[in-house]
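Colleague: Here the protein sequences come in this chain order: A and B.
Take my numbering: the final residue in the first sequence is number 405, and no numbers are missing along the way.
Take my numbering: the final residue in the second sequence is number 1499, and no numbers are missing along the way.
These are calculated hints, taken from the structure and not from any lab test.
Just so it is clear, CB atoms sit at the ideal spot from N, CA and C, and this is done for glycine as well.
Treat each hint with caution, since some may be false.
Just the calculated beta-carbon pair ranges, DEER-fashion [what the hints assert, rightly or not]:
(1) B:S1331 with A:D279: 51 to 59 Å
(2) A:D138 with B:R1411: 36 to 44 Å
(3) A:E79 with B:E1372: 39 to 47 Å
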Amino acid sequence: MIEVVDSQAIEELKGRVFDARESAPRGVAIVGHGSRRSCGRAVEAGSTISTAGLLGWSHAPEDMTLIVGAGESISSVQERLLPHRQRLSVDPPLRTVSGRPDLGTVGGLVATADQGSLRYRYGGVRELVIGARYVTGDGVVAHSGSQVIKNVAGYEIAKVLVGSLGTLAILTDVAFRLHPLPSETFEIVVDNLSLAAACHLGSRLARQSVSLSALYHWDSSMVGRVEGEGLATRKLAERVARSLEVDLNDLPDGDGSVRVAIRSGDELSQRFALVCGGDDLVLRVACRSFEAHQVEKLVEAWCEPRPSLVSFLGSGIVDLRWDERSLVDGWERTSLGESVRHLRSAFPSQWWRQVPTWARDVVVGDEIVSLDPNAVALMRSFKAALDPEFIFERGRMGAWYELKS
Amino acid sequence: MGAVQEQQTIRSDRVRSLARFQADLKSLLPPERVLTDPAELGAYSCDGLVSYRARPATVVLVESRDEIVHTIRLANRYGLAFVARGSGTGLSGGALPLEDGILIVTSKMRRILEVDPENLCAVVEPGVINSDLSRAVEPFGLYYAPDPSSQIVCSLGGNVAENSGGAHCLKYGFTTNHVLGVEVVLPNGEVTLLGGYASESEGLDLRAALVGSEGTLGIVSKIILRLSVRPEAVRTLVADFDSVRAAGDTVSAIIAAGVVPAALEMFDTLALVACEAATNAGYDPTAAAALLVEVDGAIEEVEASYAIVVELCRQGGARALRQAHDEHERSLMWRGRKAAFAAAGRLANGYIVQDGVVPRRVLSAVLDEVAELAGRHGLRVANVFHAGDGNLHPLVLFDPATPGDHARAERLATEILELCVEHGGSITGEHGVGVEKACVMLSMFTESDLAVMHRLRGVFDPNDLCNPGKAYPTPRLCGERPGVYRPTELERKGVIERW
């Protein structure tokens, strides 16, 4: 794999890792722009390693691949790809750093697997990562994967690093698969729609050959996004809208207030990214592709205070969101923690998976119930294999993770 | 104790352990599914890479997860290594048994446990045949997207082990993109579930490490797969060119135009000659190169993309375009493509199939360099490959009866692989490393890269019992050389094709 971050920066990084090992009892935080620090649990760190200086760029437009330094900002990546009519197919929530909107860095995106609504068509961040260079907790610099899309040589450690919250290694270079940047975008909006109805309609839509880019439900609306080139895209959007109108008539609990509308552009999706990036406490749940309404039922039965739900239909990701400003009282936070514990135990173990949360300790507590002991043992062992002194992002994945098996 | 005596002691200990293992296993499993008769064992001495052979001492035909568990626990008790095998169609020797070792065959685990059309997923046992799953979900308008060439005989467990692709993976991705969860029997006999029914899960994504691990991290006992929706429209064409470079440049132009075809395959003259002779599919053997392009999806998208492809082929200098007007014509085009490897036998008595990947942008240049290398060795190379993702499959032709020809062909095949790596590519796009390419891993990865991979392997299999000696360079393997490609019985009969 082409290395885009210069060797001096890598040597300096190794030096910082060795320094951190010397002061291992205190651990080290790995920070890019700091836009995703609230993902996962609170970190115990005596020092910080900044990855913002890990810059580099190698774009192969004909191959639709990009190798980029982990410190590059996502905004700048998309801007530099724009003249080539290509994009990295992610639309992560727009977060705020020092009062400014920020999509964060490549390293942060990969470490937190922070995909947005484009996950419907392009999958999570793991589906886009084809290779990586990284530095382990004992200072080993290694690669995994390649810069070509098709490659089956070696274990796909680069994909394991996706969503590992920086606990295994420090990413330095990441190779991505890119996609064409569409010239036309339409949003098909169904207002006043329950989540159960959205799941039903979404599943029917998914079983038609219509290639939506995004499909999500939020605030009583379902939004589908159609992207592509020229007139064909509008035709496709119109067909989706017609199909939804027909399906709406079949809904058992349909009412006259439900409306289907087509809008040009992606204004709603941009607003959605802004909302998803807000300061709420978020617990992310993953269920089968179109069963978000089952999560909603459990939430209604077990959760007080009640969260709002953001559902990424088709991928089964449901974000339970609580406005932190409304959780002012200690008892309310405790109540929320209790609710989540109930929720966790109510989830059928193989159906529901709690994934990295933006809720910190207030919600998630320390126990882990969704993984079997053998999976936990493997994860602990791999953590110990890559970060033997447990210096990286200590506590972030949870106490369960940092015990030597 | 002298070295020879020590070796004899180890060997006799091993023989005793093996006998105890066999006896214990026969008390746990029906004895007819524990094969120890040398006459029966011979049938399992290789996978699709027939140039490597080793006869196992015991073949266990498991029918359930618990039987895998029993077998592995017993193997652990006696310190015996084991290898998993599905249908045995792998092309890199990943399922090559250990000489006098244990082979656990999962091909009898063929139940489709669940189909959930509303949520576009299915749960299968590892022995389910790839195309059987697509057939089972066809009534719902669904299919399983990864389509390796051996899909009518290869097992989904094997697909997971090898991270199989296929002609349509350019658009639809590889096995790893379609596996939601895997239940795996770990090398110590414990069972775990990695991933689940959703696309993301808590903790580390170890499912990503398991898929494509070539059976070195455990044996898959259940797989949760993502299903895809059958496209409502498909358009296929063949475009002939007067030069390989023009065809290669057209591939780049199609991708650069933002079209992601479902498949984008390329042939050179030698390959066209062989394919046409074997199938009469309508390919023009006088063309210097041909592209087989397929676009699929929603009608609106397909019509738009197809028009772009046709225009770009014309702009790229295509001298003829043949469009498939119906399913019959389309399948004829694909029959020609799929017969390509077997058809190479019409060009020469011996040939070696190589599997390497290059960045698409250097495709034409690399093909020129391959031709130059072939000329230097005095050999011919036929090229038929997945051009859309840069996955080359050069067929190095030689005459086994000519002294030195075979050795030259092997050297050329290795040099082609080195060329792929020099251009920033990979030593394997879909066949895997197995035993065949373990020695070439160091041309692509550093010692540090391999050391970290080894740590991962150690996490799953600290005692090195699960498919040892595969996927990594070892002195034993590196002392050996890849052999001549010999078609399997299934290939000779035309049941499967090697792409």
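Colleague: So, for every hint listed, does it hold in this structure?
Modeller: Hints, verified against the model:
At roughly 57 Å, the beta carbons of S1331 of chain B and D279 of chain A sit within the given window of 51 to 59 Å. Judged by the Cβ atoms, the range 36 to 44 Å given for D138 of chain A and R1411 of chain B holds: they are separated by roughly 40 Å. Distance hint for E79 of chain A and E1372 of chain B: a CB-CB separation of about 41 Å, consistent with the stated range 39 to 47 Å.
Every hint, counting from the list given before, is met by this structure.
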